[in-house]
Every structure is written in C-alpha cells, then in structure tokens.
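The numbering used here numbers the first residue of the sequence shown as 75 and each following residue consecutively.
Quick caveat, the hints were computed from the structure, so don't treat them as lab data.
Keep in mind that this is a model prediction, so the values were computed, not measured.
Beta carbons: idealized from backbone N, C-alpha and C, even for Gly.
Certain hints may be false.
As the list claims (entries may be wrong) - Have a look at the derived ranges for each label pair, beta carbon to beta carbon:
no., residue 1, residue 2, range
1, Ala240, Asp111, 28 to 34 Å
2, Ala173, Arg143, 20 to 26 Å
3, Ala112, Ser241, 31 to 37 Å
4, Glu179, Phe124, 27 to 33 Å
5, Ala175, Arg141, 21 to 27 Å
6, Arg144, Ala240, 29 to 35 Å
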Amino acid sequence: HRRLARRRGAGPGEHRGRSRGRSLMRHGTRLGIDPGDARIGVARSDPSGFLATPVETVRRGKGDLARLRRIVAELEEETAVLEVVVGLPRSLGGGEGPAAAKVREFAAQLAERVPVPVRLVDERLSTVSAEAMLRDQGRKGSKRRAVVDQAAAVVILQHALDTERASGNPPGEILERQS
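Could you put together the complete structure from these sequences and hints?
Written as structure tokens, this is what we have:
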C-alpha cells in the first residue's frame, strides 16, 4: 500500500531559482485539471510550457479517474508528459475548507493512477475568471456551461505556467508516492 506525501517546491529534476538572469522552465507537456462536483475540466500545455489550451470536460463519477488516466496515456503517445496540475480551491484568505479536502482526496486518487507526478496549485477565482472570459466572448447559458470547466482548467494551468516562468520554481505542492 502506498502513501502520498506533500512537498512544497522543486522535486526531482526540477530547478530552483534563475540562471544568469533567465528563468528556468522545465520542458514537457503539463495536463491541467479543474475538478468540480459534477464535471472535471481538462487542459494541456504545449511542450515548452508556454500556452495552455482546452482538452475536454469529463463527467464526474464512475470512470472519471480511468478517463483521466487514458487522457494522460494518449498524450504520452504524442509527447512527454511532465506532470498533472490540479487546481486546489482556497479561500481568499488562503485557507482550505471542505472543497479543498475533496480535491486533495481526488488528487491523491489520481496520483495513484497516473504515471506522472500530480501537483496541487492554488486556483482561487479560476472559475470566476473563466466565466468572465466566456461571457466577454459572448457565450451564453448552456454553451458557456458546456466549456466553463475546460476554461477554468486553462486558467489554472496557464497561471501555473506563468508562475514557473517568472520565478523559475514550479508552483504549489507535489504529491509523491511513497511505499
């Protein structure tokens, strides 16, 4: 039986800080996840870690983790997947409530099923930002609801990419498998 440990900052093969004034960005595609109660938004980055784009919305419930594992496997056939970035809902003050506990449990289950590290990152206001962006694009009602989870996953992943590019450090905390 494996236990998962939390660790902040850089993991194996990860960089800390900058080199000669340039930020270090790890190479590899990342998958971004916005886990909700009804749906899971999925996004991906390009291998250089520059841009996040939507992938799909997975219905929450039986088979959701298996579908996410298949998405990682399909992506691995095309490119090296560096990690899965999962949005962790925090309060505006930075605290964690029941929603964060659910996401931590989901992320731990996901980490046991995918062959790449899972990283938790702060996702404060990601859905609000995604809703506003879609509203600004003129998407209404059911059309907006159909893609808001993917858009939130894009916001979460893009923020993680931008943070790493600016600081040279991967954001959030990584869940590690331990035997």
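query = Where does the structure disagree with the numbered hints, that is, which hint numbers, in rising order?
reply = Those not satisfied: there are none.
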